[in-house]
Every structure is written in structure tokens, then in C-alpha cells.
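K.L.:
Keeping the supplied structure of chain A fixed, place chain B upon it in accordance with the hints.
Chains A and B, in that order, give the protein sequences.
Here my numbering is used: the first residue of the first sequence is 1, the next is one more, and so on.
Here my numbering is used: the first residue of the second sequence is 296, the next is one more, and so on.
Treat the hints loosely; a few may be bogus.
Straight-line alpha carbon distances no greater than 30 Å define the calculated BS3-like cross-link-like pairs of lysine-lysine that follow [claimed, not checked]: (1) A:Lys38 x B:Lys333; (2) A:Lys38 x B:Lys424; (3) B:Lys333 x A:Lys129; (4) B:Lys399 x A:Lys129; (5) A:Lys129 x B:Lys470; (6) A:Lys258 x A:Lys228; (7) B:Lys398 x A:Lys145; (8) B:Lys561 x B:Lys518; (9) B:Lys303 x A:Lys129; (10) B:Lys399 x A:Lys8; (11) B:Lys424 x B:Lys483; (12) B:Lys398 x B:Lys470; (13) A:Lys175 x B:Lys424.
Calculated from the structure, these hints are not laboratory results.
Protein chains: 2
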Amino acid sequence: MKICAEDKLLNGLLRLVPVTQNQPLGPGDDCAAIKGGKPGTLILLKTDCIAEDVHFLRSHDPAKVGWKALCRPLSDIAAMGGTPTEALITFFSPPDLDSAYWKKFYRGLGRAARRFGVTIAGGEMSRQKSGIAVSVMLTGQINSKHLLTRAGGNPGDILFVTGQLGGSIAGHHLKFIPRLEEGRWLAKNIHPSAMMDISDGLGADLPRLARASGCGFKVDYAKIPSRKGFDIRAALSDGEDYELLLAVPPAQAVLLRKKWPTAFPKTRLTEIGSLTPPRPAPTDWPSGWDHFEIK
Amino acid sequence: MKICAEDKLLNGLLRLVPVTQNQPLGPGDDCAAIKGGKPGTLILLKTDCIAEDVHFLRSHDPAKVGWKALCRPLSDIAAMGGTPTEALITFFSPPDLDSAYWKKFYRGLGRAARRFGVTIAGGEMSRQKSGIAVSVMLTGQINSKHLLTRAGGNPGDILFVTGQLGGSIAGHHLKFIPRLEEGRWLAKNIHPSAMMDISDGLGADLPRLARASGCGFKVDYAKIPSRKGFDIRAALSDGEDYELLLAVPPAQAVLLRKKWPTAFPKTRLTEIGSLTPPRPAPTDWPSGWDHFEIK
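One chain only, chain A, in its complex shape (with noise of 0.2 Å):
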């Protein structure tokens, strides 16, 4: 199976540091979750970072661009099924940029704050010699027995996605809504064997969760729910949907289709294969955004 340039060379620097061991989880799921907590709770730590020309450009509306700023890592805190607590941002603004700029980004990123329940606990910023960038540094927290991680899979388990995806360019990727209350609804109610936010498209996302479940995967190329305007191509590998992959034992799965439209009615959950035991992905699946292959 693929590994992205991105995972490996991930993977290769953290040979390098010590590496949280005793801890539920260390790098490369979602989120990190510590312990420290209350008892019976655990800590979620996630940075992520935007940057001009790659996620956003200087044309758009700043506060739109505060809103993506923190809703990202927002994504991955649904993906575990938790809460998010705490934001602290951090700015690397070029010279040919003013304070107004700061201004209008903040008000985006607030309406955001307000909206998801965090709160901003602090940030540090920088001259940089060119470009826009952000890095959100954001805590959450969930109650140790409804975290989902993306490892948890096992061959059979039906796969499920949320929303619809490709052609986030078009302007979802500056609007999303964070699947927060349907992470925190499938954790307490469905527990699906492993889960995931689809960032770098279906086609790099999910053979990563496969991968860290040890499993193979089998997906039915028309069932994956393109956005209008889109086809399956773009669905697997434009990126950025923030929507919700999720592997569920077929057992709960029979829960899920039953109880889900009531819970969400307004938002589609769609069933695109399962879990196989471990094999090779399918000659033609993409290989989805990745930061470090395409241009």
C-alpha cells in the first residue's frame, strides 16, 4: 500500500526525537491524547497550520481564512470523538501585510471560537520574509473510553462517509462546518471501530486508516458521494472535505443506518465498502493531496 512522501518522511524525522510512549496515544493519528487528566478523561493535543498559496490566498477574505485556521484542527478533535477546550495561534506575517489584516482574521477565527466552544488561551506571532502563515496549537478532551483512533479497524467493518466530497476549492474549504456533534454522537453511540477526518481526500486518508488497523480496503467507486459539480476523481483526491471516514462493525452498522437519519437529518452519511484483510490497494486508486509530491 502507498505510503505518502508526507507519512515517511514523518515517520523518518520522528526516528530522531523521543517519542511520547506512555501515553494512549502518540504521533500519527488525529490528535494526541495524554493522560493528566481527570480520572477517567484524557487530554487531546493537535497543531495544524495553514499557509498562503497553499491552503488560502491572499485574495481571500481574511475572516474566512480565520475560520479555516481553526476549524482544521477543530476536525480532527471530531474525528476523535472529543471536545475542543483550548486554542493558542500562532502568526508569521510578512512585511508587505498590516495589522487590519490581523484584525479581520481574528473576527473569523472568533466567530469559530464562540461557535465550537474554545476558548483562546494564548499565541505568539512573527515577521516572516514572505507569505501568510498560521499554526493552531488546540486542546480537547474525551471521556478515555469513547476515543476513536484510527486503529481500531478490523477486516469486515463496513466503511461510512459524511457530507459529500471533492471540489472543496469551489469554497467549502473556507467554510466548513467541523464535524464535532456527529464525532461526539458516533463515540458515545455507534463507537465505530476507527475513524478519521478526510483532509488530504479519501484516496490518502483512507489507506491510512487501513494501514492502522491492519487491514486492506474495498470500496465501491459509485457509491463514494462526489459534490455536485465534481466527479469520483476529484472526490478521492482534491482534499480538504473535513468530513468523517468511519469503520463500524457490521452489527453496529445495522444501529447506524437505523438511528443516524433522526440524529442528522440534514446530513448525509454514506456507505462506500469495508475493511478487507490486508492487501494491496487497487491499481487505480489515487494517491491524494500530499503536501511533499504535488506542486
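P.N.:
Leaving out everything else, chain B in the frame of chain A:
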């Protein structure tokens, strides 16, 4: 008293977002401190960043840059009297940089992590169009009764600094040792009324501590411990010292003067002045390093 452009911008931006309220410590100190840990323990949160041509050059040894990237926020944990725990690393990589750079960088960062007891819980990477930038998210912990903030100083408290100030650019900024041991010892044995790390120069940082404590300050310029080959002006304004600045009530200062030489025979501790009732800074007081004022 002068407020830096950077402080002013950050304060303005924080009015636009929901800010941590029900926690011991939100934005504005060296770290945030949140509840949610074991009873009697606080979780410290810190984010910090470095950018090429601002905090380091491409020609600097990447391992030293990695050391610096982690040791900067470690210095903030030290300033609270805390113990670091987990780090998450975000880096922005320009097109003209290959993975060899990041391997060297992580090797240096790993050296610092092992030496100071930090484990790496995760991270994120992104391309950006030009320049290297790194953001480090760091957690720590502290017994809540040992927490040292900037805000507890009172008129008459004696001001001390560790080490030597100024001229960091000659090499210190790439190889400094964060004052974690000293910080913990001070928190436990002396409990200064206020403490912070000097990262933007005493000229910028002392007014911050005084302001947070609702005080003014007086300093005997002749006593400021400037690094060999650098003058008082450099000691006040250069920045990147990563030393501790502390205010100590007179009775505790007696104890500190007595115990310090045995506890830290190799680390200089200098009495430089005292806190006063609120009053303007001396007219010849420099503003220190300010990312948005000084080119």
C-alpha cells in the same frame, strides 16, 4: 509606560475572540495555565515560533536551529517554575529545501527533548512559498501552589536576573540552556512574587513584568550583567537572552542571596534594581526588541 506595538496588536486581536476566563491564567503571561490536570496540578500550554531571517539564517546548522526551536518555549515553561511534558512540532517548508534539512533539524530538537525530558506527541508540516518557519506547541505541568506569573510583584520587591544579557546573536541564541532547573528551584524554595523569561530584551520585558504587577521599576544600569564585549545598551535591547527575570520580596531576597551560590554555583544571579509604585519608565529606557517596530 511604553507598550510595544506587538503587545498592542495582540491585545487588540484578543478582543475579537473568546478568551480563556475560568482558568488560572489566560493570554499575556509566558504560558497559559489550565485546570483539568490531577488535583493540585495545572497544565501549562505554550506556543512559540521561529522564522528564517528573523530568528535564524539558512546558513546556521539546522541541528542548532532545532535545538533553539524547542528551547525557546522551554524557557517559558522555566519562567513559570514548571516541568515540560509534551511537544508538537509544526513546520513550513519552502520549495528550495529538502528533507535532509529537517532530519538535521529534528536531530537537534531531539537532543534538546531528551535532555529536558520532553516527548514529541505529534506535529504537522506544510509547504510554503518561501522561507522556513517552525511553530512548537508545548505542554507542561506544575503544582498549582508553585505557579509563578508576571503579575504578583509589589513595590519594594528586589529585581534579579540570571546569567548575562546582550550579544546573544554572537552564538548564545543557538545553544542556550533554558533555565528549567533554576525556575523549578526558585518556585519551590523562594517563590518569587513575579517571574518571566527575558526573550525580547530586558528593555522590553521588565516593563511587561512591572505593568502586569501594577508597578513601576528602577534599575541601576551599572549593575546590569552585560555579556563580555557588549555594552549596557546591548544588554537592554538585543533580546534572545532566555534568562530569568524575577521580583522577590526583601525578606525572601535574603534567603535567595544565601542559598543561590550553593544551589547554582555556575549560574550568575544579579540584583539589578527593584519594583516601585507605578510610574513612567526612565526617559532613556530603550524599547527592546519588537517584531513589528524594528526591522
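K.L.:
Would you mind marking each hint as holding or not holding in the structure?
P.N.:
Evaluation of the provided hints:
no. : hint                : result
1   : A:Lys38 x B:Lys333  : holds, 6 Å
2   : A:Lys38 x B:Lys424  : violated, 43 Å
3   : B:Lys333 x A:Lys129 : violated, 43 Å
4   : B:Lys399 x A:Lys129 : holds, 23 Å
5   : A:Lys129 x B:Lys470 : holds, 24 Å
6   : A:Lys258 x A:Lys228 : holds, 26 Å
7   : B:Lys398 x A:Lys145 : violated, 36 Å
8   : B:Lys561 x B:Lys518 : holds, 19 Å
9   : B:Lys303 x A:Lys129 : holds, 22 Å
10  : B:Lys399 x A:Lys8   : holds, 16 Å
11  : B:Lys424 x B:Lys483 : violated, 46 Å
12  : B:Lys398 x B:Lys470 : holds, 18 Å
13  : A:Lys175 x B:Lys424 : holds, 24 Å
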